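Take these sequences, add in the hints, and give me the full structure.
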Amino acid sequence: MTCSHCKTLSRREMLRNSAALATVGAAHAALPAWMPRLAFSPKHQAPRGDVLVSIFLRGGADALNMIVPHGEDAYYTARPQLAIPRPDASGGDPKTLDLDGFFGIHPALSPLLPIFQGGQLTAVHATGSPHESRSHFEAMSFMERGTPGEQGMTTGWIGRHLGTLDTGNGSPIRAVGWGTAVQAALRGPISPVAIKSIVDYHLGGDEKAAAAMLNSLNSLYALDSESLHASAEATKSAIEVVASINYASYIPQNGTTYPETDFAMALRQTAALIRADVGLEAACIDLGGWDTHVNQGGAEGTQAQLMIQLSEGLAAFHADLGPDMQKVSVVVMSEFGRRVEENGGIGTDHGHGGAMLLMSGNLNKGPVVANWPGLAPDMLDRGEDLAITIDYRDVLSELLTSRLNNPLINEIFPDFTTNSLGLFSA
Amino acid sequence: MNRRQFLQTFGLATTAALQTSTLHRALASLPPGAFAPANLIDRDPIAHVISRLTFGVTPDLYQHVQTIGSQAFIEEQLAFETLADPNIATHLIPYAEVLGKNAGVLLKESEGMAQVAGQALLGGTTVRAMYSQRQLYERMVHFFSDHFSIYVSSAPLTFMKVDDDRDVARAYAMGTFRAILGASAHSPAMLDYLDNATSAKDAPNENYARELMELHTLSVDGGYTETDVKEVARCFTGWSMTRPRDSEDGLLQYLYRPRMHDDGAKTVLGTIIPAGGGERDGEQVLDLLASHPSTAEFISYKLARRFVSDFPPDALVQACANVFMQTEGDIRAVLRTIFNSEDFWNAPPKFKQPYEYTISLLRAFDTIILDGNRFLRNMRNSLDGMGQIPFHWPAPNGFPDVQGAWADNLLPRWNMATAIVGNQLRGAQTNTEPFLNLLESRGVTLDPEAVFAFLAQYLLGRPLTTDENGILMDFVNSVADTPESQIMNGIGLLLASPAFQYR
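Just so you know, the sequences run in chain order A and B.
Note that this note's numbering has the first sequence beginning at 94, numbered continuously upward.
Note that this note's numbering has the second sequence beginning at 22, numbered continuously upward.
Please keep in mind that the hints were generated in silico from the structure rather than gathered at the bench.
Quantities reported herein were computed from a predicted structural model and do not represent experimental measurements.
A virtual CB, placed ideally from N, CA and C, is assigned to each residue, including glycine.
Do not take every clue at face value.
Across the chosen pairs, the derived CB separations fall in these ranges [to be verified]:
1. A:437 to B:242: 27 to 37 Å
2. A:398 to B:367: 47 to 57 Å
3. A:167 to B:286: 28 to 38 Å
4. A:179 to B:279: 34 to 44 Å
Right, here's the structure in full:
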């Protein structure tokens, strides 16, 4: 190609223009047809159920100091420095807040006490993924993929749930992974997007040029054979959706103020998307820092600070949603619990059984559901860790069938036979 | 010479004898679209070797490798000690003093020192990635910073990481694996991060022992048991550090504390470690682990993943593991095996991690830093949005090195590309002069289509397809009406394009 005036363009002009990202006109390149990456068939057809909010406590949260078995002497024997004092302990120090006479909650979880008492929060104890791994990364991977012990699966349990359920919802943001990467549980045939901050989620520069660039980028990504196309398309659509909801003017309801943490911001953004009714069906949030090998602290300290973040965030979300909790299910889990006995560094090492939290407007049982194995040495896993008596997939299967309208458990948790717990009202 | 001819002259033909089960496992774990050929056009070997060994092409580097050839370039990069790097000291001036200090000294200095040290770590790493001639060495430092990942969440760990960066990753990135493993085991930053510094015989802490085997050496399926974790933890009891306030010189460094050590007999991976070994117990464990076949395989796998593909061929990993075992863990020998393999030259596209992508943008058009502090604040924000501030991965396994972990967060990348072209990088400026010199030397006129054709060779190592060219020209015609503006917009689109997301 030749261009008559190009040859005369001086280097000086060229250098000067390196600062200009131009702004003239908006192009409307034809959009590529959106191609799903995989097709499941046949999908289950059902109306949308609850919005699922899945919270993962990364690092192996010490469930025994969160949902405290204060009725168990062995707990106090194993943890002379770390145990949370019984509810009736003497003195003015912070102590366990009783739930049912045997279990109680850590004092840092006190913002959750009224929600437990109101029947919208249930703890499931001595639960987890049955695979023996004490490795964070292996345990997280199995748990999020929903296939303990099986390496092959590349999709996550929530990804497969959304992939097998046709709710007639064509929203580009059926699934959001809050943060800078999509959680393994969300990966699958639908295209989730990772969003850290809604207000920053737009292409910079001049509006028209940005729109033209977005269209051209999508055309280029449509040519890509390395599977980035779906991600690019999802990004473009998500930009349009979040631009439409005017997040900056979102006012939490019922006088709620969210704490200034990344975790609470993710919950606030989730609430805003739910309120805007833009088709959100699942959101994943991470809260890290639970690998408390040293200086875990008891009623106060490192883990207590994390529990404050967790409980204040959840309580704000619950208050903000108010009656809308009827159409939301929150599940909190961690890759494993920690060793019953404390170590020499006033911390705990990797263990096995842990706890899950369920927050929902449609719970049937509570405040604690457990087939409690006890902490006597002969009842412990490997002689040192809390045993698992409820498979975490039993909890999630009930959530899927009762609240998310998806009965295809075999596709979500292959080769798994569920046991009914009666956790939810349908 | 095209790539095919190059491969013939290279004289390597391997037929990978994959075991069926391995193949099935590999296929089962492939993400959709992986291994699909990126294009049917042979890639320029010069562009290939630059993109794989370095943080990204620059106009000077492009000229240089074309002059000396790709094989000579590989040898030059492997022999990094003899590679002149005349300008790097100047770029490091703002950070060199802090980076040369001991953590104990930094601890005693002013209140705001944590921020200064954090800035020096990010700044030193970034200017080296941007400007050092020793690009492969810098990529290996990056690799080992991830392999022995330490999350620099706050002081005093930030100060200890200054020592760790200098005395572990930078000291041994191209040495033997046993040397870097030993340096890491003695590093106060690692001893603190994985809690070994306080591990004592009464109730040993298992954190370091577990990650030492799972993440640093054998890998999770490498053949150790939960009992081995406990025994290794016993071996390392007493591996601790000085308290700067108590020591005469005020330094914070490794210290063996015999009274904390469990001196009973232990059994690790079936080997009996007799009672009374003291500090030698830990060294013996490191010897066992560094020379273990599972370690050879795991390190080889991770290196092949970094330099070849997300799912490296099993035969290549085995070849590397054999070299690792024969050379007692000579990292350079393993790298040479990778670069001499046909798998390397036929490697499928490798998705850049966000930090790698950012540096490749900064290098492509010779970004000049005008105000280091401002530039780094801006970089930190951008990298935070992408999820990859160096030394800030919140777990000991290091930043993920596969596409699946990063591909759903494209928007911050696109914004970084437009910021580079729009010259909106705060504290820095794009310098198009060297690129224009390159164009001139190749006789490329400043006509948009001609420039884009050259850019594709320069950035991607291949011509644009007809479709790509059409999209690019439609875009620039719609947003700009002068050739120079069209060129700049086109560069922005190319930098944000899928092809430039890959090495």
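Here is what the structure says about each hint:
1. A:437 to B:242: 27 to 37 Å: At roughly 29 Å between Cβ atoms, residue 242 of chain B and residue 437 of chain A fall inside 27 to 37 Å, so the hint holds.
2. A:398 to B:367: 47 to 57 Å: holds, 51 Å
3. A:167 to B:286: 28 to 38 Å: holds, 31 Å
4. A:179 to B:279: 34 to 44 Å: Given a distance of about 40 Å, which is inside 34 to 44 Å, the answer is holds.
Checked against the numbered hints given earlier, this structure breaks none of them.
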